[in-house]
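Residue numbers (the numbering used here), protein chains in the order written: chain A, 933 to 1223; chain B, 933 to 1223; chain C, 933 to 1223; chain D, 933 to 1223.
Don't read these hints as lab results, they were simulated from the structure.
Among the hints, erroneous ones may be present.
Unchecked claim - Derived EDC-like pairs (lysine to aspartate or glutamate); straight-line CA-CA distance at most 20 Å: (1) A/K1048 - C/E991; (2) A/K943 - D/D1216; (3) C/K1048 - A/E999; (4) A/K963 - C/E999; (5) B/K1126 - B/E995.
These numbers were taken from a predicted model, which means no experiment stands behind them.
4 protein chains.
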Amino acid sequence: MQNRKIRHSFKLTKVGVKDVRKPVRIRRAGKSLTLTAAFDIFVDLPASQKGSHLSRNLEIVAEIVNESVRSPMPGLEFAAEKIAVELLNRHSYATQSEVWARAEYFLERTGPGGRKSLEPYELVAKAWAHRNKPMSVCKAIGVKVVGMTACPCAMETIRGDLEAEYGKIPVRLPTITHNQRNITSLMVDAPPGKDVEADELIDIVESSVSSPTFEILKRPEEGMLVKHAHENPRFVEDVVREVLAKVVDRFTALPGEVKVSVRSESEESIHKHNAFAERVTTLDELRRKPS
Amino acid sequence: MQNRKIRHSFKLTKVGVKDVRKPVRIRRAGKSLTLTAAFDIFVDLPASQKGSHLSRNLEIVAEIVNESVRSPMPGLEFAAEKIAVELLNRHSYATQSEVWARAEYFLERTGPGGRKSLEPYELVAKAWAHRNKPMSVCKAIGVKVVGMTACPCAMETIRGDLEAEYGKIPVRLPTITHNQRNITSLMVDAPPGKDVEADELIDIVESSVSSPTFEILKRPEEGMLVKHAHENPRFVEDVVREVLAKVVDRFTALPGEVKVSVRSESEESIHKHNAFAERVTTLDELRRKPS
Amino acid sequence: MQNRKIRHSFKLTKVGVKDVRKPVRIRRAGKSLTLTAAFDIFVDLPASQKGSHLSRNLEIVAEIVNESVRSPMPGLEFAAEKIAVELLNRHSYATQSEVWARAEYFLERTGPGGRKSLEPYELVAKAWAHRNKPMSVCKAIGVKVVGMTACPCAMETIRGDLEAEYGKIPVRLPTITHNQRNITSLMVDAPPGKDVEADELIDIVESSVSSPTFEILKRPEEGMLVKHAHENPRFVEDVVREVLAKVVDRFTALPGEVKVSVRSESEESIHKHNAFAERVTTLDELRRKPS
Amino acid sequence: MQNRKIRHSFKLTKVGVKDVRKPVRIRRAGKSLTLTAAFDIFVDLPASQKGSHLSRNLEIVAEIVNESVRSPMPGLEFAAEKIAVELLNRHSYATQSEVWARAEYFLERTGPGGRKSLEPYELVAKAWAHRNKPMSVCKAIGVKVVGMTACPCAMETIRGDLEAEYGKIPVRLPTITHNQRNITSLMVDAPPGKDVEADELIDIVESSVSSPTFEILKRPEEGMLVKHAHENPRFVEDVVREVLAKVVDRFTALPGEVKVSVRSESEESIHKHNAFAERVTTLDELRRKPS
Chain A
933 MQNRKIRHSF KLTKVGVKDV RKPVRIRRAG KSLTLTAAFD IFVDLPASQK
983 GSHLSRNLEI VAEIVNESVR SPMPGLEFAA EKIAVELLNR HSYATQSEVW
1033 ARAEYFLERT GPGGRKSLEP YELVAKAWAH RNKPMSVCKA IGVKVVGMTA
1083 CPCAMETIRG DLEAEYGKIP VRLPTITHNQ RNITSLMVDA PPGKDVEADE
1133 LIDIVESSVS SPTFEILKRP EEGMLVKHAH ENPRFVEDVV REVLAKVVDR
1183 FTALPGEVKV SVRSESEESI HKHNAFAERV TTLDELRRKP S
Chain B
933 MQNRKIRHSF KLTKVGVKDV RKPVRIRRAG KSLTLTAAFD IFVDLPASQK
983 GSHLSRNLEI VAEIVNESVR SPMPGLEFAA EKIAVELLNR HSYATQSEVW
1033 ARAEYFLERT GPGGRKSLEP YELVAKAWAH RNKPMSVCKA IGVKVVGMTA
1083 CPCAMETIRG DLEAEYGKIP VRLPTITHNQ RNITSLMVDA PPGKDVEADE
1133 LIDIVESSVS SPTFEILKRP EEGMLVKHAH ENPRFVEDVV REVLAKVVDR
1183 FTALPGEVKV SVRSESEESI HKHNAFAERV TTLDELRRKP S
Chain C
933 MQNRKIRHSF KLTKVGVKDV RKPVRIRRAG KSLTLTAAFD IFVDLPASQK
983 GSHLSRNLEI VAEIVNESVR SPMPGLEFAA EKIAVELLNR HSYATQSEVW
1033 ARAEYFLERT GPGGRKSLEP YELVAKAWAH RNKPMSVCKA IGVKVVGMTA
1083 CPCAMETIRG DLEAEYGKIP VRLPTITHNQ RNITSLMVDA PPGKDVEADE
1133 LIDIVESSVS SPTFEILKRP EEGMLVKHAH ENPRFVEDVV REVLAKVVDR
1183 FTALPGEVKV SVRSESEESI HKHNAFAERV TTLDELRRKP S
Chain D
933 MQNRKIRHSF KLTKVGVKDV RKPVRIRRAG KSLTLTAAFD IFVDLPASQK
983 GSHLSRNLEI VAEIVNESVR SPMPGLEFAA EKIAVELLNR HSYATQSEVW
1033 ARAEYFLERT GPGGRKSLEP YELVAKAWAH RNKPMSVCKA IGVKVVGMTA
1083 CPCAMETIRG DLEAEYGKIP VRLPTITHNQ RNITSLMVDA PPGKDVEADE
1133 LIDIVESSVS SPTFEILKRP EEGMLVKHAH ENPRFVEDVV REVLAKVVDR
1183 FTALPGEVKV SVRSESEESI HKHNAFAERV TTLDELRRKP S
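Whenever a hint applies, use it, and build me the whole structure from the sequences.
See below:
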């Protein structure tokens, strides 16, 4: 059927399935855990082929995910990579494949007063393969992190207003400003033999916002967090640049062609809309100054 | 077909259609406007009836909405009410009907520095009818408003911490705290001849959060808004109670059996989860003290 | 702070936190698994109390969920129940508590041709407690299942049309109709000592739609599924009634006051809106005839 | 403030605001209507500039949208284009701007039996400008359309199965298959003086699925629609190719560099996941054979 006569012979850039949900077994940094992942899986389709054999995509995911139960994957991006390779093996007409996987993920973090809590994050993995000789395969790992930003601009304006009303305020006393929930994502290519650790990406983002956030904060801890955030006011622009600087610092072993993308969105407490900043680039570009 | 033999004769509490999208013409407070509404429309079904004639629901919405183009409705809840009545007229087997309508809505507001902007809100209308003699019909109108809350608790804790570090701080100088986007909804029954104005519900909610929010804020205006919010710190509990107090004050002409529901949710900037408070009650209960 | 002077003394029906995400360890039907759950957690608040101690809610969830890692819970509803009880223990001012938990869940199913696949579902658990002497506690477990419905009405109409065009069609040959993705949820109270098994609820729903759906279907299996669905055409009304009939049949050991709610929504392939049916009732009512 | 010292001097590819909601007045094909639009608005930021003046973005949208009330725009993409140009005029440091606008949209359609109904669609407009001399500006208009697909593959398999059971079936008698809701989007660049009509894009998509869908279908009309869909079975791959063929046929006056993107997603009734096909290309590529 998928080979029958074609009415309009155009090639397609992507054909596949979206939102295939699967539990995947991962062993990372010594610990073994089960992620509930959602996969999007595509290959291209030449002009001469009627349709793509979509059930093969599902068989591949099922096999690789089942295998992870017996022998856990080192990371979600490794599952994505294996699927990307198998897609080209089993769709002989395809020249490229693309796989996305997203999953909720938890890490134990230490709050401002030393209290431990389990915090939720999102992992995003991507892999793609091209039918060269030999087949070329790439993978990337990303994270999505909820944090807090405090606005540096309002803070400065208000200091003047408050001094006009209340007299001189100590220089280092943090003044009020609007702050809000911020969602920042960071994705980095992970070339073969040069693995990028998702937990490190989370560290980078959490140390780049005004403050990381925590599930349980008793009163003094809440005070410490709020003070810390106001001592580190950040625009979304600042957050993205902080992340970029840390990526350059920490991934010195990665080659220059590695792609890096950072997106930061603040759910502005003073507006009904969001503020947004983005940089999509390569390590090469970032290593040049100014970049 | 909907009358054919039934395999299991159970009555159903609701049968109908969800997410029917329609432009509705409204004339309110002198101005005429077009809302893009989404309708959910149900009747009950007796145990003896195989199925509900769903296409009738769509015909009713289409007719009433078309009519609004020629002769605008006084409000979304009036459209819902007309539909609720027609449902019982045309589904002879039904004993009750229920209609929900939601629509985005805009109002011109004046920001802290006097600047005008058009701010987005959500209207939620409900109507339901029961086949008594005569038919009993009710309608309610609600609003969903995005605002800002500043936390009173963190503010107090931090004042102590800051004084320990920087010495005495003027009593009325607002201290830093976490603040965030807040979404508060208010819905009130609108009995016949006792109309409740959606714009007034929006006023009530916006004056009950720490600060309303605005689309355009130049620097000094941003400072004024942030200062205002910090001078009016509010828990979600406070927001709900402020709204309830104003509802009691302003709707003295409404009868005691009128239902009132208030829900307030703050997207906590210091946590990844939300804070939530709710009161579902009647005017009668609210008018008693303590209530 | 949460005890300070109150500006407007109204009691609140619910105060708490929403969307607290946690991995929970469950042991059920012999197998042990980790669910990624989202919790909503509330208590009421008397008119005399300024605010609710929200951080206690988070501590309770963290403790109970951590405990599940060492000693897995028999089900998500047991985690919810434990949290509901602890809420009243630690919020001395509250008279009632309410807990919701949702989680993705997987079951191995056997497709029409005997092929095994792992299918995704959603679990919804609820628990609530009232401060009586002794404290009264309830819990309920529910499921959300994606299946398929084929319309009986269009099928019958079309048979006539096709016979007019092509001559007599064999009586039992299924004729074309519109079919679509359907989402049906079933929730049942689980009183103490009378546990309700989530897997059985899933069985009930999957056997009540026109056909369950599967991840991997090779061509002959796809044919078998489509044929099966067309031999069992169902309105959303029929789906809800089928589920109700099975609930009555299978849960003979449950007391009459047990609440049952069933909702079925079909994403109509011939319309842009959805069809919906619902019954919210008790076992007592369902056991009476006609009901 | 946005000019103050920069900690890490990296340029940013996009800085701006997301989800700014506004009513926009449009006059198109003789009729005047109000769209409720959501705008995303960005410029780039050089490494030397601390932050972007976000309030300017909001002022620009407000001005252009207000102007549309007095003098309606010929289309949503014209509003986007005006905003893109103004962004570069007012952000002197930026070299490029990007604007997205989405809005619900309604068209009167004629169902299979001649019945008129108002059907909902989504418009997506995009515009971007580059600071060349003279400034280069582009705009594109797209639509998102809900329709129906019936699977050609299952249909063919089942015919064999049914003939084995019931004997020879008339060749042209449509056999049962799975069908489902499908969402297809089409976006086309609209270069200056070569306007692309959104209504025509909707026509192209609706005539490329197995059947368009309608709000009100009385029984015989439902039969006609289902029969039509089964006489035009389509994979998502087929839908994308049909759309591409019509784009080539109808837009002969557009230059070859015009970008075209088509995406089709079927909410498979036999699976819990979706099927997806995409082509992103230019008219030049599509005009070459095979393409």
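Would the pair A/K963 and C/E999 pass a check requiring their Cα atoms to be no farther apart than 20 Å? 18 Å, holds
Holds or violated: A/K1048 and C/E991, Cα atoms, limit 20 Å. 11 Å, holds
Holds or violated: A/K943 with D/D1216, Cα cutoff 20 Å? 14 Å, holds
Holds or violated: C/K1048 with A/E999, Cα cutoff 20 Å? Between C/K1048 and A/E999 the Cα gap is close to 15 Å, so the pair holds against 20 Å.
For the pair we were handed, B/K1126 and B/E995, check the Cα-Cα distance against 20 Å. 26 Å, violated
Checked against the numbered hints given earlier, the structure breaks only hint 5 and satisfies all the rest.
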